[in-house]
Every structure is written in C-alpha cells, then in structure tokens.
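Counting in the UniProt record's numbering, the sequence shown runs from 1 upward without gaps.
Since the hints were derived computationally from the structure, they do not count as laboratory data.
Simulated pairs of lysine to any residue, SDA-like, Cα-Cα distance not exceeding 20 Å:
no.	residue 1	residue 2
1	Lys-122	Val-64
2	Lys-108	Tyr-7
3	Lys-78	Asn-31
4	Lys-120	Arg-59
5	Lys-50	Leu-128
6	Lys-85	Ile-114
7	Lys-80	Ser-24
8	Lys-85	Asp-22
9	Lys-14	Leu-110
10	Lys-41	His-127
11	Lys-120	Asn-31
12	Lys-120	Val-74
13	Lys-41	Phe-117
14	Lys-125	Ala-48
15	Lys-122	Val-5
16	Lys-85	Ile-25
17	Lys-14	Tyr-84
18	Lys-87	Gly-106
19	Lys-83	Ile-27
20	Lys-83	Asp-73
21	Lys-112	Ser-24
22	Lys-65	Ile-33
23	Lys-125	Phe-30
24	Lys-45	Asn-71
25	Lys-41	Leu-128
26	Lys-120	Phe-131
27	Lys-34	Val-74
28	Lys-120	Leu-63
29	Lys-80	Asp-102
30	Lys-85	Tyr-103
31	Lys-112	Asn-123
32	Lys-34	Asp-118
33	Lys-112	Ser-15
34	Lys-112	Asn-75
35	Lys-125	Phe-49
36	Lys-78	Asp-22
37	Lys-45	Tyr-129
38	Lys-85	Glu-105
39	Lys-65	Tyr-129
40	Lys-120	Leu-60
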Amino acid sequence: MDPIVSYKAFQINKSYSDVVYDSSIWISDFNFIKNELFFLKTVIKSNAFKATIPNLFERLQLLVKDINRLNEDVNLIKEKIEKYKYKVTETINSDVFSFSEDYFEGYKSLGKEIFEFDQKYKNFKMHLYEFLIEIF
Numbered sequence: 001m002d003p004i005v006s007y008k009a010f011q012i013n014k015s016y017s018d019v020v021y022d023s024s025i026w027i028s029d030f031n032f033i034k035n036e037l038f039f040l041k042t043v044i045k046s047n048a049f050k051a052t053i054p055n056l057f058e059r060l061q062l063l064v065k066d067i068n069r070l071n072e073d074v075n076l077i078k079e080k081i082e083k084y085k086y087k088v089t090e091t092i093n094s095d096v097f098s099f100s101e102d103y104f105e106g107y108k109s110l111g112k113e114i115f116e117f118d119q120k121y122k123n124f125k126m127h128l129y130e131f132l133i134e135i136f
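Construct all of the structure, not just a fragment, from the sequences and the given hints.
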C-alpha cells in the first residue's frame with residue numbers, strides 16, 4: 001500500500017513556542033513508535049507461530065529486518081527533531097530574539113520527513129497485519 005496523499009505544510013507562521021511544542025509532540029510520538037517496534041519485534045521472535053506455515057522463518061526474518069530499518073529511521077529522525085528543538089529553544093532563550101526564516105524551513109522539512117516516515121510505518125503495519133491474518 002503506497003501513500004496516496006502527499007505532504008502539504010499548513011500553518012507555517014507558527015511562533016517559536018508553537019514549534020517547540022510541536023517538536024515535543026513529535027519526540028513523544030517517536031518514543032511511542034520505538035516502544036511499539038520493540039514490542040512487535042518481540043512478538044515476531046517469540047516462536048508463537050505454527051511451524052507448519054510455509055516459509056514462516058524467512059518471512060519472520062524479513063519482518064525483523066523491516067523493523068530494524070524502521071528503528072534506524074526513528075533514531076535518525078528523532079535526533080534531527082531534538083537538534084531542531086534545541087536550536088529553536090536556544091533562540092527563544094537568547095537575549096537577541098531575531099526572526100529567521102530558517103526555522104520555518106526547518107519546520108517544514110521536518111514535517112515532510114515525519115509525514116513520509118509515518119506513511120512508510122503505516123504501510124509496514126498494514127503488511128504485518130495482512131501477514132498475521134494470513135497465518136492465523
């Protein structure tokens with residue numbers, strides 16, 4: 001299932017405080033996804049599936065590889081968000097409060113990257129659910 005919706009930035013005229021808040025929400029969401037991926041990987045590796053299913057081991061290994069790749073993406077994107085949040089927070093805390101278009105561009109760029117990851121993650125989960133329905 002490929003994404004049929006493309007990313008479009010809304011409300012690009014956010015305050016620094018709004019951007020910091022959004023960044024905090026993104027970080028929280030990625031922490032949840034990281035925990036969810038850990039859970040899914042644990043379930044997949046649990047040997048709770050019938051051994052009579054054709055190519056079961058290979059299919060489970062592919063799912064584990066997908067989870068590992070998604071985990072890498074989560075770590076990279078979360079790190080970018082944290083750096084961005086730090087930069088904006090420093091701007092808020094500095095004595096010289098200067099308006100910069102850079103933080104809007106950074107916000108839009110991160111928003112697009114998060115949207116694209118979200119689509120990839122949803123596709124993975126749909127694939128996983130289809131697989132689980134097939135084997136049960």
